[in-house]
Each structure stands twice: as structure tokens, then as C-alpha cells.
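Student: Now for the letters of each chain:
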Amino acid sequence: MAKHGTARDDRRPNVSNLRTVRGKSDEVSVASSRADALDRLIHERLRLGIVSALAVNDSLSFSDLKKLMNTTDGNLSVHARKLEEAEYIACTKSFEGRMPKTRYRLTPAGRRALERYLDHMEALIRATRER
Amino acid sequence: MASVTPLHRAPASEPPALHARAMDNLAFIRDTMEAAGSFTAVSGWAMVAVGIIATVAAMIASAQDSVLQSLYVWIAAAVLAPVVMLWGIVRKARRARMPLLSGPGRKFVLSFSPPILVGALLTIVLFRAGLVGAIPGMWLLLYGTAVVAGGAFSVKIVPVMGICFMLAGTLAVFTPSAWNDWIMAAAFGGLHIGFGIPIARRHGG
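Keeping their order, the protein sequence lines are chains X and P. Everything in the first sequence is counted per our numbering, starting at 6 for the first residue and increasing by one. Everything in the second sequence is counted per our numbering, starting at 49 for the first residue and increasing by one.
Hints are computed from structural coordinates only; laboratory data are not their basis. Glycine included, C-beta positions come from ideal geometry on N, C-alpha and C. Hints should not be assumed to be uniformly reliable.
Here are some, though not all, of the chain P residues that point toward chain X, as calculated from beta-carbon distances under 10 Å [unchecked claim]:
id, residue
1, Leu66
2, Ala68
3, Arg78
4, Gln112
5, Asp113
6, Val115
7, Ala182
8, Lys204
9, Ile241
10, Gly242
11, Ile245
Counterexamples of contact, computed for chain X against chain P with all Cβ distances above 10 Å [claimed, not checked]:
id, residue
12, Arg45
13, Ser57
14, Ala58
15, Ala95
16, Ala114
Examples of chain X residues toward chain P, derived with CB under 10 Å [what the hints assert, rightly or not]:
id, residue
17, Leu46
18, Leu59
19, Thr97
20, Pro113
21, Ala128
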């Protein structure tokens with residue numbers, strides 16, 4: 006699996022290709038506005054991966070997520086912190102013997118954000134199919 | 049060789065990327081959830097319901113006069129329980145937006161089904177041979193085998209439950225058939241409820 010992008014990636018417009026055709030039809034505008042309404046915070050691949058993995062687990066350790074996402078310590082902590090700041094995930098730090106252990110779990114707000122994101126994706130697919 | 053650029057660029061096509069990206073994102077979410085390995089389509093709450101059905105069946109079966117009559121009660125429960133379980137699995141998968149027959153789901157069905165089908169056939173064989181008392185033990189052994197085999201592609205707690213069923217089956221095979229209803233109650237009732245609650249709490253319902 007390729008390593009995921011850095012935290013800078015989320016600054017990139019994620020629907021740039023769509024914007025070039027904005028105004029060509031009403032349907033495209035609708036689709037465009039739907040895309041704009043996307044939660045950019047979890048649209049980024051690594052963050053989407055973290056939220057998806059936590060959605061099906063009670064909690065996951067930092068090293069579980071690192072292995073699962075095939076990413077680096079630095080990259081994972083940057084993206085996890087962004088999700089934590091948005092209160093989409095919660096982090097607990099403890100010690101196992103002398104080893105520090107960081108565990109993450111999805112908050113209700115994070116679960117709702119993932120649900121909304123899934124709704125958006127499904128709406129976009131439906132809009133395209135109906136055309 | 050240099051690449052050739054057309055003088056007139058093709059008009060920007062419709063937004064195919066949007067549709068494709070949405071599909072790609074959904075596939076990514078599904079793949080991540082599958083790789084995270086903790087999702088199980090097995091519904092914990094449906095297991096609890098099956099456990100309750102089994103407990104009620106055990107109470108009715110133990111009140112019957114003959115082993116054959118109590119076997120009929122268990123067969124009725126064995127028809128009702130998969131319906132409840134299937135309903136729970138479909139509901140859970142829909143809520144999690146996981147396709148039922150995605151990778152792990154398909155593997156689970158393919159591994160779980162053969163021992164269950166063998167169990168159904170052996171029920172007829174043992175019934176015809178007049179070995180009715182051996183049927184509950186065989187059911188528990190083969191149900192346990194099915195759960196262990198299917199659970200190899202699921203969360204760890206599922207195969208552990210299968211092993212417990214196999215142990216209960218072993219006990220049923222080597223003990224007097226008068227104990228069968230109680231062993232069945234403890235296994236199909238107790239184990240389903242006992243494992244169903246943690247599965248429901250830890251693995252999404």
C-alpha cells in the first residue's frame with residue numbers, strides 16, 4: 006500500500022476538476038455544491054482511514070493504526086491530532102509497564118461525521134446515475 | 049519522442065471523476081473497515097435473541113414426555129433461530145453499509161454452511177437409525193465446527209464461541225441423553241447470550 010500524503014494535502018481543493026465545469030448545467034452545480042459541503046476534515050485519505058478503522062473497533066492503539074494505514078509516526082500523529090482537535094476522535098494515554106501507550110476511539114461526533122460523509126458519497130453517486 | 053498536444057483541446061468532460069471518486073472513497077472505507085478486522089456482520093443482539101429462543105425451547109422440551117417430542121421442539125427452534133439471526137445480520141450490515149457478501153462475509157458463509165448442511169443430513173440419518181439421543185450432541189459439535197470455521201474470518205470472539213459449542217457437544221455425546229435439554233439450553237441459550245452481549249457492545253451491534 007502506498008504511503009498516505011502529508012497533512013498539507015487537505016489544503017488542496019478536492020473537487021477542482023468539478024469546478025472547471027461549474028455552470029455548465031444545473032445538475033453539475035447541484036453535484037458541485039454537494040461536493041463543497043463535504044467534510045474536508047475526514048475527506049483526506051489518512052484521516053478517513055483512521056475514522057473508518059475506529060468506526061468498527063472499540064479503540065485502536067497508535068501502533069495498530071500506524072500498521073493499518075501504513076504510514077509514519079509523524080504523519081499519523083499530525084492527522085490524528087487534527088481529528089482530535091475537531092473532537093472526532095478521543096485519545097487516552099497510559100503506560101503498559103514502562104511503555105507509553107496511546108489509544109484512540111471514535112467519538113459520537115466522529116461517528117456522525119462519518120455517517121454524513123457516507124451520505125454525501127452515496128448522494129453524489131445517485132446524482133450521477135440519475136443523469 | 050515528444051508527446052503530441054492536440055490543437056483543440058477536448059472540452060472538459062462531465063464530472064466523471066466525482067462519481068468515480070465517490071465510489072473509490074466508499075471502497076476505501078469498506079476496505080479499511082475490513083482490514084481493521086474488528087467488524088463482524090454477526091449480530092450480537094440477534095445472538096441474544098437466539099439464546100432466548102433456545103432457553104424457551106429448552107424449557108418446553110424438558111417438559112415433554114419423550115426424547116422424540118423434545119427433539120421436535122428443538123427442530124422448531126432450529127427453524128426460527130436462523131430467521132432471527134439472518135434478520136439481525138442483514139440489519140447490522142445495512143446499518144454499517146457493509147455489503148453482506150463482501151470478502152469476509154462471503155468467506156464466512158462458505159465456511160459456515162457446509163457443517164450446517166452436514167448436520168441437517170445427519171439429523172435425518174440418525175433419526176432413521178433410531179439414534180435420536182445422539183442428535184443434540186451432533187448438532188452442537190457441527191454448529192461449533194461451523195462457527196469456528198466461519199469465525200476464522202471474523203473477530204476473535206466468534207471462533208472462541210465455536211470452540212465452546214464443540215466442548216458442549218463433546219459433553220452431550222458422552223453423557224446420558226436425559227441431560228441433553230440442559231446441555232442444549234446452556235449452549236444454544238447461555239453461550240449465545242453470553243457471547244452475543246460483548247459482540248453487540250464491542251463490534252457494532
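Student: Enumerate the violated hints, using their earlier numbering and listing them in ascending order.
Tutor: Violated hints: 4, 5, 6, 7, 8, 9, 10, 11, 13, 14, 17, 19 and 20; rest satisfied.
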